[in-house]
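Asks: The residues making up each chain are set out below.
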Amino acid sequence: MSPFLFWIFAVLTVVFGAAVVLNRNPVASALSLVVSFLGLSALFMSLDAFFVGIIQVLVYAGAVMVLFLFIIMLLDLRAEERRRINFLATAGGIGVALILLIQICVVISHLRAARQTFPPLATSTTDDVWNIGRLLFSSYNLPFQIIGVLVLVATVGVVLLSRREPR
Amino acid sequence: MITLGDYLIVSGILFAIGFAGVMLRRNLIVILMSLELMLNAANLSLVAFSRFRVGADGLPDYRAQVFVFFVIAVAAAEVAVGLALLVALYRARQTTDVKDISSLRF
Chain P
1 MSPFLFWIFA VLTVVFGAAV VLNRNPVASA LSLVVSFLGL SALFMSLDAF
51 FVGIIQVLVY AGAVMVLFLF IIMLLDLRAE ERRRINFLAT AGGIGVALIL
101 LIQICVVISH LRAARQTFPP LATSTTDDVW NIGRLLFSSY NLPFQIIGVL
151 VLVATVGVVL LSRREPR
Chain R
1 MITLGDYLIV SGILFAIGFA GVMLRRNLIV ILMSLELMLN AANLSLVAFS
51 RFRVGADGLP DYRAQVFVFF VIAVAAAEVA VGLALLVALY RARQTTDVKD
101 ISSLRF
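Residue numbers (this note's numbering), protein chains in the order written: chain P, 1 to 167; chain R, 1 to 106.
Because the hints were derived from the structure by calculation, they are not lab data. Among the hints, a few may not be true.
Restraint ranges, calculated between C-beta atoms of paired labels, are given here [stated by the list, open to error]:
1) P:I85 to R:M1: 38 to 48 Å
2) P:V96 to R:S103: 22 to 32 Å
3) R:V81 to P:G62: 10 to 20 Å
4) P:T125 to R:M1: 21 to 31 Å
5) P:T125 to R:V81: 35 to 45 Å
6) R:R26 to P:S162: 15 to 25 Å
7) P:V27 to R:V98: 18 to 28 Å
8) P:I85 to R:G58: 50 to 60 Å
9) P:G62 to R:A56: 34 to 44 Å
10) R:S103 to P:T126: 50 to 60 Å
11) R:G58 to P:G148: 25 to 35 Å
Beta carbons are placed, not taken as given, at the ideal position from N, Cα and C, and that holds for glycine.
So that you can see chain P by itself, here it is in the shape it has in the complex:
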């Protein structure tokens, strides 16, 4: 992938990620999150991870976003009214996040591998999905089954939580 496309999608992802936090209206936040996830899936595809990119679009831009928008619609949330901002708390939050970012950047700058480009891939006869699926059903079969149970438990839990209490 050309560096030009990488920077376009990286800036898209970061800008709309920031828009999620900065927007006062939850609907605008949710729609910014969709754009951010689409940029992220393009970044996944630039790393030759096509399966993960497609899953990202299907699960996040599809299912999770519909869930978020549906809940926003159901609760009829308006834009947050402008409260008196606690400047000390806001500055503290931004400061802690900045310190975290600086720490991450320092760690990456000390990482020798971070300065290397990606090694070329061999032309493979099998595709992404085949390779991941083979790993998933052989070496990682037990975690895969546990994930299945987890999703089942989550489904039952959600139904139980959102059921109206009989009076």
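Starting from the known structure of chain P, arrange chain R on it as the hints suggest.
Replies: Okay, now just chain R, sitting in the frame of chain P:
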């Protein structure tokens, strides 16, 4: 050329944005969205490491991508349960603001 560090920096910025969202915002729905942002930032660095670590057969390390698959599955379950909790909370208190939900606060 694009290096591994570029992807890691983008991932780090995205994580910091999500962290700032969790710290600063008071709306529970936006806090959940920021959590998703943080999970996805971690996924980006996992996929970057997977592409960086090319094995002897010339293929990327697919174990990291399997882990990303698990992370996405758990995150989807987490969002569903979180939003169900939010709806239950809204029914009881008619609010999604974290400042109004402080009865467990010390």
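Asks: Work down the list of hints and note, for each, if the structure agrees.
Replies: Now the hints, each set against the structure:
no., hint, result
1, P:I85 to R:M1: 38 to 48 Å, "holds, 44 Å"
2, P:V96 to R:S103: 22 to 32 Å, "holds, 26 Å"
3, R:V81 to P:G62: 10 to 20 Å, "holds, 19 Å"
4, P:T125 to R:M1: 21 to 31 Å, "holds, 27 Å"
5, P:T125 to R:V81: 35 to 45 Å, "holds, 41 Å"
6, R:R26 to P:S162: 15 to 25 Å, "holds, 23 Å"
7, P:V27 to R:V98: 18 to 28 Å, "holds, 19 Å"
8, P:I85 to R:G58: 50 to 60 Å, "holds, 54 Å"
9, P:G62 to R:A56: 34 to 44 Å, "holds, 37 Å"
10, R:S103 to P:T126: 50 to 60 Å, "holds, 56 Å"
11, R:G58 to P:G148: 25 to 35 Å, "holds, 32 Å"
Checked against the numbered hints above, the structure violates none of them.
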